[in-house]
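**Student:** Here is what each chain is made of, one letter per residue.
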Amino acid sequence: MKQFIIFVKKEFRHIFRDRKSLLIIIMMPIVQIILFGFALTNEIKNSNIAVLDNAKDEASRAIIQRLDASRYFNVTRYLHASQDIEAAFKSGTVRLVVVFQPDFRESLMHSGKAQVQLIADASDPNTATTVTNYAGNIISDYQKEMSPQVQPPYSIRPEIRMLYNPQLKGAYNFVPGVMAMILILISAMMTSVAIVREKEINTMEVLLVSPLKPLLFILSKAIPYVFLSLVNVSTILLVSVTLLEVPINGSLLLLMGESFLFILTSVSLGLMISNLTKTQQEAQMFSLMTLMLPTLLLGGFMFPIESMPLPLQIISNIVPSKWFFLIVKDVMIKGLGFSAVWKESLVLVGMTLFLLAVSFKKFKTRLA
Amino acid sequence: MKETVIKAERLTKKFGDFTATNQISFEVEKGEIFGFLGANGAGKTTAMRMLCGLSIPSSGNATVAGYDVYKQTELIKQNIGYMSQKFSLYEDLTVKENIRFYAGIYGMGSAEIKTKMNALLQQLQMTAEENSLVGSLPLGWKQKLAFSVAILHEPKIVFLDEPTGGVDPVTRREFWNLIYEAAEKGITVFVTTHYMDEAEYCNRISIMVDGKIEALDTPHNLKTIFHASSMDEVFLQLARGAKRTAD
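Those protein sequence lines, which keep their order, are chains A and B. According to our numbering, the first sequence is numbered sequentially starting from 19. According to our numbering, the second sequence is numbered sequentially starting from 1065.
Chain A with its partners taken away, still in its complex shape (with noise of 0.2 Å):
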């Protein structure tokens, strides 16, 4: 017991006396969070549009006024002629422009069918679909409020509610998406590099030459890590909590838990990175081209998984953040229990199990 404190101190020397890691270990979930939180954002916000209004009476303005007044868009140019369109969107500056049939409002007063054209910049799809879903809800709106009495026979009108997130917030998705990464990153790395640097400094031959048991040098090398991904996944819950308000829904208890289990899980992925590599370089490539990469593009939370062809899909399942990432989204946005996440939890229990018995075994014959 005595040899592990001995040790686990000298950990936390090597970690503290490192100023400038400790602060990219410290600092990276926030900066990671700000960034994903206000840049990096795939919500629309305060997009330019044009519109080219040959109307020009009462409801085409009351309409080009809410959407300027709506927080998604501002109307930027007014186009005068239907050439004007194409030079606007060359020009970079918009994103959608609307047109305005002549006489807008005598066709929707008497026939009841008049027509806007909504012209989207389609070379990023996303955002043309995007803008042109909320410039249609706006319209829709409006006329709603014109007509409220007006119920046309047998309309099938779908009420859309979103639930768990119902402004829609990028953040719900990603917060969960940035433990994942940040956890595997300072636990399994940060753990290998710390178990291959001592192969690299040859301090490793006279540990292994020392009474010192092989577990203990593991579990010493291994529990300031641990310490500071809790600290981290707490950063990551305050940063959420107050700057973004996403809330936790549900049990703060259960949600630190799993977070437990997965940095065990992030650990024991870094155990076996320190037996297959020799140098911290090696160390540190292999952690992010096996574990980053994977984490982006196959955790499901840059892409959705179901999207993907099915070897993908496949090959999704034994990459731990992916678990992770659902577990997280259940408990922290959707508030459901345990009951709901022991199926994900037992991935990773195995996952941990198995990683750990074959990083013993093979740690074991270096010794031999």
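Simulated from the structure, these hints should not be mistaken for laboratory data. Since this is a predicted model, take the numbers as computed values, not measurements. One thing to keep in mind: the hints can contain errors.
[Said to hold, decoys possible] Stretch-level coverage of chain A by chain B, calculated; a stretch enters the list once three of its residues show a Cβ under 8 Å from a Cβ in chain B: (1) 19 to 29; (2) 32 to 43; (3) 217 to 230.
[Stated by the list, open to error] Just the calculated beta-carbon pair ranges, DEER-fashion: (4) D1261/B <-> T297/A: 30 to 36 Å; (5) V376/A <-> Q1142/B: 25 to 31 Å; (6) K231/A <-> K1276/B: 32 to 38 Å; (7) N1195/B <-> L311/A: 39 to 45 Å; (8) K1276/B <-> I333/A: 49 to 55 Å; (9) N1195/B <-> K231/A: 27 to 33 Å; (10) T297/A <-> E1245/B: 32 to 38 Å; (11) R37/A <-> E1248/B: 41 to 47 Å; (12) G368/A <-> E1067/B: 52 to 58 Å; (13) V249/A <-> A1183/B: 51 to 57 Å.
Heads up, the beta-carbon is just placed ideally off N, CA and C, and yes, glycines get one too.
Using the hints, position chain B against chain A.
**Tutor:** Coordinates of chain B only, in the frame set by chain A:
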């Protein structure tokens, strides 16, 4: 009566088709400084690793401090000290922190560590540097410190794997003074080297060529047998027949 602390009988290690050490046999007595000489790749490090419990022999027998290298490696580990070829202290820890860490790993108590650490720092004249990072010390100091740390827990045997690589002759001499002091305290020293002047400092030496021990005796006797004026000549006569080239 002399007490045997290391005993190797036809100790062999094979890596696939390659026989790193080929049936080597020798005995080392308590308090002896036993030199293990050989060109790079002759099998010195492999032999030493088997004795330290880092590597399991392919065949043959050996006991270290009375314990079997196959079954009792944990007991061996408690009774030996080890200093590796490359420098092996933590550069980002201070002198004191390094001493405390290694002493703690060997299960020494805090009070014992404190007394021994102070004595050690005085002996090495490093009391003024006790709170300096090891990375900031000159190489010679680091090496002396590493050796002192390796014997701080008073092992029966200390294994030194080319401990003086890259050190200037003056520091090397000082380093050997430390080795003599340790031997006087009854610690058996098992040292590999390829510096022939160091070989002269040993009580007995074995010379390995291509995984086999080709000669084993005191430096004086070896020089007589080979009609040589220095260990250098003895070694060259033996090594000329080597088939393995250094890596």
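**Student:** Now tell me if each hint is right for this structure.
**Tutor:** Consistency of the hints with the structure:
no. : hint                           : verdict
1   : 19 to 29                       : holds (count 5)
2   : 32 to 43                       : holds (count 3)
3   : 217 to 230                     : holds (count 11)
4   : D1261/B <-> T297/A: 30 to 36 Å : holds (34 Å)
5   : V376/A <-> Q1142/B: 25 to 31 Å : holds (29 Å)
6   : K231/A <-> K1276/B: 32 to 38 Å : holds (36 Å)
7   : N1195/B <-> L311/A: 39 to 45 Å : holds (44 Å)
8   : K1276/B <-> I333/A: 49 to 55 Å : holds (52 Å)
9   : N1195/B <-> K231/A: 27 to 33 Å : holds (30 Å)
10  : T297/A <-> E1245/B: 32 to 38 Å : holds (37 Å)
11  : R37/A <-> E1248/B: 41 to 47 Å  : holds (45 Å)
12  : G368/A <-> E1067/B: 52 to 58 Å : holds (54 Å)
13  : V249/A <-> A1183/B: 51 to 57 Å : violated (40 Å)
Hint compliance for this structure: hint 13 alone is broken.
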